[in-house]
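Heads up: the sequence lines are chains A and B, in that order.
Under my numbering, the letters of the first sequence match residues 1 to 256, in that order.
Under my numbering, the letters of the second sequence match residues 1 to 332, in that order.
Incorrect hints may appear among the rest.
Stretches of chain A that chain B covers, calculated by requiring three or more beta carbons in the stretch to come under 8 Å of a beta carbon on chain B [to be verified]:
#, stretch
1, 74-80
2, 91-98
3, 105-111
4, 119-129
Think about it this way: if two alpha-carbon atoms lie no more than 30 Å apart in a straight line, the pair counts; the simulated DSS-like pairs of lysine-lysine are [said to hold, decoys possible]:
#, chain 1, residue 1, chain 2, residue 2
5, A, K111, B, K221
6, B, K223, A, K111
7, A, K120, A, K147
8, A, K111, A, K147
9, B, K221, A, K147
10, B, K221, A, K120
11, B, K223, A, K120
12, B, K223, A, K147
Please keep in mind that the hints were generated in silico from the structure rather than gathered at the bench.
All C-beta atoms in this analysis are idealised placements derived from N, C-alpha and C, irrespective of residue type, glycine included.
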Amino acid sequence: MTTDVVLQARGLTKHYGHVVALDNCDFDLRAGEILAVIGDNGAGKSTLIKALTGAVVPDAGEIRLRGEPVTFRSALDARRAGIETVYQELGVAPALDITQNLYLGREQRRKGILGTVFRKLDKPAMRRGSARQMADLGIRVQSIRQKVDTLSGGQRQAVAVARVAAWATSVVIMDEPTAALGVRETNQVLRLIERVRENGLPVVLISHNMPNVFEVADRIHIHRLGRRIAVVEPGRTTMEEAVAVMTGAKQPEDLA
Amino acid sequence: MTQLDDAVLLEKEDRAGPLRAALSSQTAGPLAALVLAVVIFSATTDSFLNAGNLSLIAQQSVVVGTLALGQTLVILTAGIDLSNGAIMVLASVVIGNLATDGNVFGALLAGLAVCLVLGLLNGVLVAQFSLPPFIVTLGVLSVLTAAARLYTDSQSYPIDSAFLTALNGGPTVGGVTITYGVLLWIGLTAILGYALTQTAWGVRVYAVGDNPRAAALTGIKVKRVLLSVYLTAAVVYAFAAWQALGRTPTADPSGYSTANLDSITAVVIGGTSLFGGRGGVVGTLIGALIVTVLANGLTQAGIDSLYQQVATGILVVIAVAVDHFVRTRQTR
Ligand SMILES: Nc1ncnc2c1ncn2[C@@H]1O[C@H](COP(=O)(O)OP(=O)(O)O)[C@@H](O)[C@H]1O
Ligand SMILES: [Mg+2]
Numbered sequence: 001m002t003t004d005v006v007l008q009a010r011g012l013t014k015h016y017g018h019v020v021a022l023d024n025c026d027f028d029l030r031a032g033e034i035l036a037v038i039g040d041n042g043a044g045k046s047t048l049i050k051a052l053t054g055a056v057v058p059d060a061g062e063i064r065l066r067g068e069p070v071t072f073r074s075a076l077d078a079r080r081a082g083i084e085t086v087y088q089e090l091g092v093a094p095a096l097d098i099t100q101n102l103y104l105g106r107e108q109r110r111k112g113i114l115g116t117v118f119r120k121l122d123k124p125a126m127r128r129g130s131a132r133q134m135a136d137l138g139i140r141v142q143s144i145r146q147k148v149d150t151l152s153g154g155q156r157q158a159v160a161v162a163r164v165a166a167w168a169t170s171v172v173i174m175d176e177p178t179a180a181l182g183v184r185e186t187n188q189v190l191r192l193i194e195r196v197r198e199n200g201l202p203v204v205l206i207s208h209n210m211p212n213v214f215e216v217a218d219r220i221h222i223h224r225l226g227r228r229i230a231v232v233e234p235g236r237t238t239m240e241e242a243v244a245v246m247t248g249a250k251q252p253e254d255l256a
Numbered sequence: 001m002t003q004l005d006d007a008v009l010l011e012k013e014d015r016a017g018p019l020r021a022a023l024s025s026q027t028a029g030p031l032a033a034l035v036l037a038v039v040i041f042s043a044t045t046d047s048f049l050n051a052g053n054l055s056l057i058a059q060q061s062v063v064v065g066t067l068a069l070g071q072t073l074v075i076l077t078a079g080i081d082l083s084n085g086a087i088m089v090l091a092s093v094v095i096g097n098l099a100t101d102g103n104v105f106g107a108l109l110a111g112l113a114v115c116l117v118l119g120l121l122n123g124v125l126v127a128q129f130s131l132p133p134f135i136v137t138l139g140v141l142s143v144l145t146a147a148a149r150l151y152t153d154s155q156s157y158p159i160d161s162a163f164l165t166a167l168n169g170g171p172t173v174g175g176v177t178i179t180y181g182v183l184l185w186i187g188l189t190a191i192l193g194y195a196l197t198q199t200a201w202g203v204r205v206y207a208v209g210d211n212p213r214a215a216a217l218t219g220i221k222v223k224r225v226l227l228s229v230y231l232t233a234a235v236v237y238a239f240a241a242w243q244a245l246g247r248t249p250t251a252d253p254s255g256y257s258t259a260n261l262d263s264i265t266a267v268v269i270g271g272t273s274l275f276g277g278r279g280g281v282v283g284t285l286i287g288a289l290i291v292t293v294l295a296n297g298l299t300q301a302g303i304d305s306l307y308q309q310v311a312t313g314i315l316v317v318i319a320v321a322v323d324h325f326v327r328t329r330q331t332r
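Could you build all of it, start to finish, from the sequences and the hints given here?
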């Protein structure tokens, strides 16, 4: 059934000159799951994510959100549909504080004449909102007024995750969110990703780190040469098998 | 939990409001330096600490101080404006020339138009064509310096309109004149300070200067923000031109030739980072005062004015070093 599929793509294709970054690619994300996307460098994972989030317009194929066909012409279109993304490059402004980062581009103004004429920000409301959001996700910081450059790498990434989780209403997508982090910080971010799922949002996690993927993912989308060649579950497939399929050493049909 | 307690606490703090914002860590250093300089000159000279001299210091700071407000906006976006002095000078000679017909109000508006057109030019080249601000404004500086002389045939225009020199006058309180120019400078600082710290536009200016790619990913229209900054700065430069006509009632195409660098000095001493995203206009106001206080105080102390340049230079290096320390404290 497709009823519990939140985000679905069929036949996505994207050419860059002679390079086929996406080759008739399918994609399914179910409600309440963490779906990992794994694949070799250059397999087309980032392009798939960009196509799903409007950052790239595919040459062909269709995307459905909760069964409804959608066309995203820009990242803003996807955000309006409730799809939020943590991009591979760290998406925070270090000189701004945590609250300013959470509300960046979506600042709230005061009610009444202060807001309409004098454009005054409602800082207390935004601070309350960000304190609530950080508490909901169990992110501990000294103060939500801290500038992000006073945070550790893991806390910074946590702020980036908190922002997308705060605004997403349909899907949270993360492209290699732990790539730049140490072991302890990676674990913090993984707990955070699980927390986002517990709070009811499905998560797409692109990662190179097999142990991480097998630890948190409910299902694993294996990407190879621009398309999905298999979907496996951590309980039923071993890490070695998944890597073998990913690199072409093993055919997906040969999986147990 | 603890986070929510925090939030309650923070809200209370916020009621202390604008004063606290003004005295935030970024202005504390410059303010301490200013107070220190004032204390030292007051203690070591007889002629420094009196209302007349302090009023003079404010008046001497006004033109560069106002230019520096616009410069602050540009530097906050990790840009730099080498052309601001030249824009102001061209505006003032255009005003001076047109005012000879007697339509002084129209002349002033024409000066504003000159500033806006040039701000738009800088802004479009930087925002739309992604050219480096240093090069763009260096080019504009070069062209305008020549243009001002060609336009005036290297003459200067005496200004005899009371309206155009009005900013040099003002109410006298206890024998000391507080000029409208100084009040305008403080007013502009307050307005820009409000816009930078209390509006979404301000947050976006900081974000664009700090991390333009992250800003763009959150949906901020980076080019539009940059353009708005160069245009706002241009309006500020027009006010500086008006103030300059009050300070010296001649529109001289070769005047204020180092005002661009002086404005950068004020911004940097005021604690704004040349790398963008950190700082503010209150610091810049203090920075401009520091430079004037050094010049004035050393003169009162009978010390060669060359040492004023030495002292200013040392302060610039200290300010940049502090900024470097702040920016790298947590980078691993
Ligand atoms: N903007 C682009 N222009 C040209 N080629 C691109 C562009 N983006 C991606 N590609 C190419 O498309 C292929 C897939 O890239 P990508 O989606 O980034 O893979 P992955 O994220 O799996 O490493 C690669 O061959 C890459 O070189
Ligand atoms: Mg990638």
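Here is what the structure says about each hint:
1. 74-80: holds (count 3)
2. 91-98: n = 6 at 8 Å, threshold three: holds.
3. 105-111: It holds, with 4 qualifying residues against the three required.
4. 119-129: holds (count 7)
5. A/K111 with B/K221: 24 Å, holds
6. B/K223 with A/K111: Holds. B/K223 to A/K111 sits at ~28 Å (cutoff 30 Å).
7. A/K120 with A/K147: 21 Å, holds
8. A/K111 with A/K147: OK: A/K111 and A/K147 at ~26 Å, within 30 Å.
9. B/K221 with A/K147: 23 Å, holds
10. B/K221 with A/K120: Holds, at roughly 20 Å.
11. B/K223 with A/K120: Cα-Cα ~23 Å, so holds.
12. B/K223 with A/K147: Since the Cα atoms of B/K223 and A/K147 sit roughly 25 Å apart, the hinted pair holds (cutoff 30 Å).
Going down the numbered hints, you'll see the structure goes against none, and every one checks out.
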